[in-house]
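Asks: Chain by chain, the residues run as shown.
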Amino acid sequence: MTLPANPRDAVATGTAAPDVVAGAGAQAGAPIEQANLWRDAWRRYIQNRGAVVAGAIFVAFVAFCVIWPIITPYDIHNDPVNFSQAYEGPSLKHPLGTDKLGKDLLTKLALGGRISIAIGIGATLTILLIGVVYGSIAGFAGGRLDNIQMRLLDALYGLPYLPFAIIVLAIIGTNNLWTMVIALSIASWFTAARIVRGQIITLKENDYVRAAKAVGARWYRVLTRHLLPNTLGILIIAIFLELPGVILGEAFLSFIGLGISPPDASLGSMAQEGREVYRVHPNVIAIPSIAIAVLVLCANFIADGMRDALDPRTRETKEH
Amino acid sequence: MALLQVENLRTHFFTREGAVKAVDGVSFSVEAGKTLGIVGESGCGKSVTALSLMGLIPRPPARIVEGSVTFQGRDLTKLSEGDLEDIRGREMAMIFQDPMTSLNPTLRIRTQITEVLDRHFGYSKDDARKRAVELLEEVRIPRAAERLDDYPHRFSGGMRQRVMIAIAIACNPKLLIADEPTTALDVTVQAEILDLLDDLRRDHEMGMIIITHDMGVIAETADQVAVMYAGQIVEQAQTEELFDRPEHPYTEALLGALPQLEGENVRMGRLRSIPGRPPDLIAPPEGCRFAPRCPHANLSDGCAQRLPELRQIRTGHLVRSRHPASERQAVPV
Amino acid sequence: MTAFIIRRLLWTIPVLLLVILLTFVLMRQIEGNPFRRSSRAVSPAVQQNLERKFNLDEPWYVQYALYVKGVFTFDLGPSLVTRDRTVNDIIKEHFPKSLELGLLAFVWAIALGIPMGVIAALRQNSAYDYGLMFFSNVGYAVPSFLVATLLIYYVSLKAGLLPTNGWINWKYKILPSFALGLAPMAYFARLVRGSMLETLQQDYIRTAKAKGLRWRRIVTVHALRNSLIPAVTAVAPLLGFIITGTFVIEVIFSIPGIGRYFITAVSSRDYSVVMGITVLTSFVIVIANMIVDILYGILDPRTRDART
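Chains as they are written, first to last, in the working numbering: chain A, 1 to 320; chain B, 1001 to 1333; chain C, 2001 to 2308.
If you're looking for bench data, these hints aren't it; they were derived computationally from the structure.
Only a predicted model underlies this, so the values are computations on that prediction, with no experimental measurement involved.
Pairwise CB distance ranges (calculated):
{"#": "1", "chain 1": "A", "residue 1": "L232", "chain 2": "C", "residue 2": "W2215", "range": "39 to 45 Å"}
{"#": "2", "chain 1": "B", "residue 1": "T1188", "chain 2": "A", "residue 2": "T224", "range": "40 to 46 Å"}
{"#": "3", "chain 1": "C", "residue 1": "L2017", "chain 2": "B", "residue 2": "S1156", "range": "41 to 47 Å"}
{"#": "4", "chain 1": "A", "residue 1": "G198", "chain 2": "C", "residue 2": "L2021", "range": "25 to 31 Å"}
{"#": "5", "chain 1": "B", "residue 1": "I1282", "chain 2": "A", "residue 2": "T224", "range": "39 to 45 Å"}
{"#": "6", "chain 1": "A", "residue 1": "L145", "chain 2": "C", "residue 2": "T2002", "range": "30 to 36 Å"}
{"#": "7", "chain 1": "A", "residue 1": "E276", "chain 2": "C", "residue 2": "G2131", "range": "31 to 37 Å"}
The beta-carbon is built from N, C-alpha and C at its ideal position, and this holds for glycine as well.
Model the full structure from these sequences, guided by the hints.
Replies: As structure tokens, this is what we get:
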């Protein structure tokens, strides 16, 4: 380590030896540099083995659901019904067996997965959209409007989720992918709105918001340029937190017969089909249920991993 | 015999990136009825030292790897957890920096005081309550009897710190450790708290250790001072001696960084800060740890090669430097 | 304290009114009239009479007002489809079973979930901790109908220990309530563990140690109370989960509860039954939320003063 003649000069001219490894990108007093934040988060995420495995499984399953039906030799919708091959166990021809109509379960699983995941993601995004709009207005406006909105939200919380979704479905009449998305999201956006509002309120007090306002930025600019990007982290986590709930909700609805109408089938409807015969042919109900469980499990792990990754507090003990 | 004698204490934190040598060879002693001040910037290891004395360092990842802490003749580093628990709060007590988070928000003040009395002395409920009121009065909380049943959030910051002090002295400890007791408080309240601590020390004949980064606090309360840097003591002396004749360049810099309001040396210019940052404690440099920031560091004297020993430069005045003030030829600008 | 409780109680009223309104509006949107189903073809005259009898020909706000009055006098009207029974009758017959199911599930969740979480936190990173985390992850993710099915398969059919469906004595109640309570249990365990771990990091725990307090006291008096607070807030959404979960469990275990009835009522356009059940469920949720809030106020004294 070389010693500068005068340490003050060295620091001033930037040639001083860096002795402490500062947190990447963190200069005292500088605003959060977005690029470094994500890179840091990614690095931290990778360290979490559970989250990485879960992420891999999740991506693999989604890929399977998307790709398999394209390359499969079976055409679930158009192939003729084949009762003689009904309820077969796992074999080379049908790795997961067949259902009561002789259709290949592996392919059905992929198709069901497509639908369930699509509904899940669709509903989650819708939930977030509604939540962001509602929550940011409440959080940002504050005062009277916020109060009214929150009281309204409290009241809406009192609505039972499943009956509500059922009624909405009944209103719409048809049970296809889009209506399921709508029904599920209308019934469950409340928590997301609360989270967004909470986050906005916390961020609102930050100095860089005050600085922006002091420079004369209009409210929508402050909202979109400063507040919302910083809620992005929370929102991403929220996606993976809401996803399981929605997938399960759709599964429940399908299981009691109120899900997507055939011939489209989600994982839940597959399970429902297997309900009568589970004692004799358990795999018909077990397979889609396990798939649901895996999806939910992975989503939970991913959410946890992200939460840890995006939380700026380090885990090492700090001494003061 | 000193009330507390610390010899060559080393506390390391074992992390994934390596062992952080937070306290790396610290020795000092505290006499009954006297106050030792430990001063240094954030991260120098002063708080970890205090926690190590009480055995309160988080056991993974930290550990006392070497050294002894002799309190009233017993080495605390060798005691079992149960024995330590008996000593804590009873013979040795500690108050912390942030009174807002150091008190349990869901328990009444009364409970937080009486539980100490109950634990160590087995007071009855009524006696404990009476004693609690006495303690609150001793720390100068007005309307003590009424406020006893309040929750912490009903108190102001200064009041809460007084409550913490009341809890600490409840069992008449021989040694009180105060870790940055005034840092989180307003300046006006700071003076009151320091006065209170001083009075209590005299009345109870306690030894006291005050940890701070504020030289002003040291000047107010400490009989003896130890200056810490990067996990080690770099200078140690009686307070007046240190302020009058500082030896270590770091101490000089600390004193030089104080804003001066009056006196012959009133500086009209900018506040002088110390450039640079403390070294990484996972792999501290082999030489003097202050060398990169020291205006007197010199390659030919081996400043960067060998760690200077802590040596006595005058009676009662120790310094860890190759260029203490009294041995320098030229006076730097 | 009592002022706090009363305030909370009063808030339930506008919430209920809103719920009734929303349900009412929604039901009106559903196409179809209970009396026009093809299997019950009725002549126009009879149709008119029926409509008049059930106030279906009045403007909507009148119907709404009548209904609200009905709710507060505990008269939820007649069933529009099974015309010899009122909604009250139906509820009286079926609701207690659902309620019991839900409460039992909740008891399972708390009685097992909380201690599991506490122990896991105290023995962090031990085999027990990892095992528990694994269990809680799985328990939360697996859909309850799978759990129910597995339980029936292994415990009832294979081992013959407990009955498969019905709701007659305590033996019948174990499996369904456990199946329903498993996911909340796992959720609680996780939550309490996390909360406990975080609480143990707090400064006041350090203060407690510095006082020389014994570990047992620190855990039970200082840490436990504070870590249960977030668990209490989680109760509200979990209650929602349990209530909706009863629907599925009742179907699987053939329990004659209100969930099963609800589904048929919707498809047969039995307005009054649907509304009655929805209002009832909302009421339960609202009351539960209120209890949670009050409990929260007891546990955390700070919120008592902060309430507007």
